[in-house]
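Chains as they are written, first to last, in the working numbering: chain A, 7 to 296; chain B, 290 to 554; chain C, 741 to 1111.
Possibly wrong hints are sitting among the right ones.
Some, not all, of what chain C presents toward chain A, calculated at C-beta under 10 Å [claimed, not checked]:
#	residue
1	Val-808
2	Lys-957
3	Ile-999
4	Gly-1003
5	Thr-1100
Pulled from the structure, derived: some chain B residues nowhere near chain A, Cβ distances all over 12 Å [to be verified]:
#	residue
6	Leu-299
7	Ser-324
8	Gln-350
9	Trp-354
10	Val-447
11	Thr-497
Rather than coming from a laboratory, the hints here were simulated on the basis of the structure. If you're wondering where the values come from, they're calculated on a predicted model, not measured in any experiment. The beta-carbon is built from N, C-alpha and C at its ideal position, and this holds for glycine as well.
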Amino acid sequence: MRRRIGGALWRHQPLKALALLSPPVLAFTLVYIAALAALFVSAFWTVDPFTSLTIHSWTLDNFRELWNEPTYRTVALRTISIAAAVTITDAIIAFPFAYYMARIAKPHTRAILFVLVLLPLWASYLARVYAWRLILNSNGLLNWTLDKLGLPPANIAYTNTAMWIVFSYIWLPFMILPVYAALERIPHSYIEASRDLGGKGFRTLRSVILPLALPGIVAGSIFTFSLTLGDYITPVLVGGASSQFIGNVVYDSVNQSSNLPFAAAFAVVPLCVMGIYLLIARRLGAFEAL
Amino acid sequence: METRATRIALGVWVGLVLVFLYVPIVVICLYAFNSSNVQSWPIAGLTTKWFGPAIHNPDMQQALWLSLKAAALATAAALVLGSAASFGVHRFRFFGREAISFLLVLPIALPGIITGMALNSYFAFWKTSFGLWTIVVGHATFCVVVVYNNVLARLRRVPGSLTEASMDLGADGLQTFRYVTFPTISTALISGGLLAFALSFDEVIVTTFTAGAQNTLPIWIFGQIRLGQQLPQVNVVVFLILALTIIPVALAQRLTRESGILRTE
Amino acid sequence: MTKRMWALVATLAVCLAFPAAGVTKQHGGTLNMIAWEGYTQPQWVKPFTKKTGCTVHAKYAGSSDEMVTLMRSGGGGQYDMVSASGDASLRLIFGKDVQAIDPSKIPDYKNFGKAFQSPSNNTVDGKHYGLSLQWGPNTLLYNTKKVKPVPTSWAAIYDPKYKGKVTVPDNPIQIADAALYLMKTKPSLGIKDPYELNSNQFKAAIDLLKKQKPLIKKYWGLASDEIDLFKNGDAVIGASWPYQTNTLVAAKAPVKDLIPKEGATGWLDTWMVSAKTKNMDCAMKWLSWISTPTVQAQQAIYFGETPVNSKACAIMDKLSKGSCAQYHANAPLQYFKQIHFWKTPVADCGNGQKDCMDYTKWQQAWTQLKG
Chain A
7 MRRRIGGALW
17 RHQPLKALAL
27 LSPPVLAFTL
37 VYIAALAALF
47 VSAFWTVDPF
57 TSLTIHSWTL
67 DNFRELWNEP
77 TYRTVALRTI
87 SIAAAVTITD
97 AIIAFPFAYY
107 MARIAKPHTR
117 AILFVLVLLP
127 LWASYLARVY
137 AWRLILNSNG
147 LLNWTLDKLG
157 LPPANIAYTN
167 TAMWIVFSYI
177 WLPFMILPVY
187 AALERIPHSY
197 IEASRDLGGK
207 GFRTLRSVIL
217 PLALPGIVAG
227 SIFTFSLTLG
237 DYITPVLVGG
247 ASSQFIGNVV
257 YDSVNQSSNL
267 PFAAAFAVVP
277 LCVMGIYLLI
287 ARRLGAFEAL
Chain B
290 METRATRIAL
300 GVWVGLVLVF
310 LYVPIVVICL
320 YAFNSSNVQS
330 WPIAGLTTKW
340 FGPAIHNPDM
350 QQALWLSLKA
360 AALATAAALV
370 LGSAASFGVH
380 RFRFFGREAI
390 SFLLVLPIAL
400 PGIITGMALN
410 SYFAFWKTSF
420 GLWTIVVGHA
430 TFCVVVVYNN
440 VLARLRRVPG
450 SLTEASMDLG
460 ADGLQTFRYV
470 TFPTISTALI
480 SGGLLAFALS
490 FDEVIVTTFT
500 AGAQNTLPIW
510 IFGQIRLGQQ
520 LPQVNVVVFL
530 ILALTIIPVA
540 LAQRLTRESG
550 ILRTE
Chain C
741 MTKRMWALVA
751 TLAVCLAFPA
761 AGVTKQHGGT
771 LNMIAWEGYT
781 QPQWVKPFTK
791 KTGCTVHAKY
801 AGSSDEMVTL
811 MRSGGGGQYD
821 MVSASGDASL
831 RLIFGKDVQA
841 IDPSKIPDYK
851 NFGKAFQSPS
861 NNTVDGKHYG
871 LSLQWGPNTL
881 LYNTKKVKPV
891 PTSWAAIYDP
901 KYKGKVTVPD
911 NPIQIADAAL
921 YLMKTKPSLG
931 IKDPYELNSN
941 QFKAAIDLLK
951 KQKPLIKKYW
961 GLASDEIDLF
971 KNGDAVIGAS
981 WPYQTNTLVA
991 AKAPVKDLIP
1001 KEGATGWLDT
1011 WMVSAKTKNM
1021 DCAMKWLSWI
1031 STPTVQAQQA
1041 IYFGETPVNS
1051 KACAIMDKLS
1061 KGSCAQYHAN
1071 APLQYFKQIH
1081 FWKTPVADCG
1091 NGQKDCMDYT
1101 KWQQAWTQLK
1111 G
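Extracted from the complex, chain A is given alone in its bound form (with noise of 0.2 Å):
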C-alpha cells in the first residue's frame, strides 16, 4: 500500500509538489494574507471621531490626509534615511567581521565566533537597548569613558544619532550571518585563479569577492533595513524629541487615537518601500542567499 502510494507520488510530480506545498500556502493565504489585505482595504475607511468605531464607507481622506500635512513626509524621510544609513554602516562592519569568520578562522575559531554572533539575540532586544540608554546619558558610561581619555562629552542621548547606533548595534548579527553564509561558499579555486591572472589582494577583492558576497550583503540588508524601518520601541526608548519614526505614527494612531484606518493608510508607505526593495533585492540574487 505504501508503495503503491509511493510510486504514484514518484510518477506524478505534480501531485507531490500539491502535497507538499499546499498546507504552508494555504496556511498563509488564509491567515497571514486575509488578514493583510484586510487591514489595507480598512486605509480607505475612516472612525467615529468620538466613539472611535470604524465606519465602513470608501473615502480616501486618510490618504488626503497623509499628502496635505508635510509632518508625515519628514517622519517617513527621517525613517527611511535612518534605515537606510543603519544599513550601510552594518554592511561595512559586518563585511570583514564575516571575513576574517569564514576564510581567516580556523575551524575552532570559527565555531567560536559564531556562537559569540548568536548570543546577543538571546539576551532580550528591549534590555539591550535599555543599556545602551546607559551607556550614552549625560552621566553615562560613554561620557565617562571620553572624560577619562581627557576628551570632551558627547552629547548624543535621544538623538538620532543615538537611535542609529542602537539600531546599528542590535541589527549587526543579522547582516554578519547572510555575508558569512556567502563569503564561505566562495570556492578556493576562483580566488586562486585570481591570483594566477595577476590580480593583487585588492583587485581579487573588488572583482571576484565582491561580486560573490554581494547576494548575502544584500539579503543581510533585508533585515537590517526593514527592520529599522518598521520600529518604534528603540525611538521611544532612545529617541529624542524629534525622533518619531513611521512605526510611531502607525502605533500612536491605533493606541492613542484607535484610528486604525489611518495607521493601515501610513502603513502603505513602508509597505511600498519594502516592495521595491524587495524587488531590486531580487534582481541581485538576494533571496538565494537568504
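Given chain A's structure and the hints, the job is docking chains B and C onto it.
Structure of chains B and C alone, referenced to chain A:
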C-alpha cells in the same frame, strides 16, 4: 593567501566588533547586581538581593513559560511548514515558484507592526480568544521563512542523485526520506529551528498585538521597564537566560558544523 | 542521528507538558487589570491575593488613550478592570465598555469625601460606573542643584534658559497645560477652561508648544523615561507626576516638585469594571480592598497622590509623618477646586457654543507638533 598585515588588521577589527557587541551585554549582567533600582552610571553598589525575588517572581515565571511554549510551538510549525515548502520549491519547476519565496519572506520583510495590526483585527473579526495560539500564529509567520531558507540552501547543495540511488536500491518514498533525505537536512533543520526559536522567544512587536492580556517574557520586561521600580530583576532574568543558553547554542554549533555526507570541498 | 533527534523531541515534549498542566490551575480567579504605573504594587496586592485568593495581573498604560484602546482591544473582554482617569472614563461609559456597580456593596464608600462619591466623570444618570480611587496634580519637577532660583511659575518650562534640558509628557492632553498657562498669562484670549478651546485659543496653545519644542530633550512616554532623564542629568526641569518625584528622591537624586502659581492640571482616577468581565466577584472584592483606609494611605504615599477616603489621613501620618498634609488629604475641597482635572475635550463647549476642538484634533495636532 592574504598578507600577514591584512590578517592582523582583520583580527583587530574582529576584536573591536566583539567589544562593540558585548559592552551592552556586560552592562546588563553587571547591573543585575545593582543595589539601586534606578539605573545610572557609575553603579550605585553591588548586591545579590535581586536574584531571589526575580527567580521567585510569579509574573515572571508565567511570562517565561508562555514564551517557551509559544516559541516551541511556533518553531515546530515553522519546521513542518518551512521544510515542506522548501521541498516543494526545490524539486519542481512551476509557474509560481518565486512567488512562494516572496510570500514567505513577507512577514520578515514587512514591519512587525503591520503583521501585528493585521492579525489583531483579523482575530477580533473571527472572535478568536487571544492567548497562546494567537501568539503562536503570529510568530509562525516569520519563523517559517527562517527554516525555509536554511533547508532550501542545504537542498541546493545535495546531489539529487542520492534520492534516485536510494529508490534504485529498493527503498520506497518513506524509507528514502527517513534514511537518506532527512539526515542530510537535519543539521539545516537544527540551525533553522534554533534561530526561529530565538526570534520567537525575543519577539515583542507582533506579540503586543496578538497576546491579548497575556504576558510573554518580552512583554513582562517592557512592563518592568515602564515601571522603573524593579529593573535589576529584568537584568537578573536576562543574565540567567544568557548563561543557560550558551550551552544549547554551542551544542547546536557543534552538531551543525560538518555533516560528513556533504563534504564537497 | 535520527534516534537522538527523536529522543530530544520526546524529552522536550514531556518537559513542556508538565508545567503546562500545573500553571493553568487557579483558585479564586484572576483579574486582568489596566493600571497606571505604580497602582498595583505588591505592597497591597499581595495581602489582597492572600485574603481573597484572587490573583492580579497588571498591564501598565501611560496615557488614558492607551487605556481606552486596550479596554476595547480584541472586541473588548480582554481585561476585567481599568484605573481610568477623567479623560477616559466618559469615553468608556458612552462606548459601553464598562458596567455600572452598586456602591452600597462597598463598605468604605460612605467614608468617601462628598465630592468623590458621585463625581461627574464616573456617575451618569445616577448610575455609578466604578469607584473613585485617588487624585492628584501634574507637578513641576526640577533639579534643586541646577535650577536656581526655585521656580514659581510654569514659565520655567518655556524658558530658553533650560534649552535641551526640559521634558514634558508625550500625551495630547498636555495641550491643556499650555492652555492653562495662557489662561493665566494671556487673559485676552478668553480661555475659561483649558479643555474647551476654540480654534483661536487652540492655535495659541499649539504655538506656545511649538516655541517650547527646541527646549525639549525628550517627550516622556514612560514614567521611567522621566526618572532616567532626571537621574542621569539629561533633564533638569519638566512636567511630572509625584510617582517620579518619589522614585527619584528614594534613589537620592536632588529633585523637588511643586505646583506653580498658575495652578495645575490633574487627574481623578476611577476603578472601573469591564462590561464583559467574567470575574465580577473578584472585581468587587478588589474595589472593597482598594478603598479601605490602610490601602488608600499606602497607595497615596507610594505614588504621591490624595486618597478619596477621609479616614486615610490618620493612617498616612502613622506610616509617614506629615504625609497627610503633604498630599493635602486633610484639606481636599479647597485644594481640589484649584486643579483642572483631565476630561475629554469635545466639540460642544458647554457654554452654548459648539466650535471647540474635539479630541481627534488634539491628537492630530500633537502628532504634528512632535514631527
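Hint check results:
| no. | hint | verdict |
| --- | --- | --- |
| 1 | Val-808 | 7 Å, holds |
| 2 | Lys-957 | 6 Å, holds |
| 3 | Ile-999 | 25 Å, violated |
| 4 | Gly-1003 | 26 Å, violated |
| 5 | Thr-1100 | 4 Å, holds |
| 6 | Leu-299 | 4 Å, violated |
| 7 | Ser-324 | 15 Å, holds |
| 8 | Gln-350 | 16 Å, holds |
| 9 | Trp-354 | 16 Å, holds |
| 10 | Val-447 | 14 Å, holds |
| 11 | Thr-497 | 9 Å, violated |
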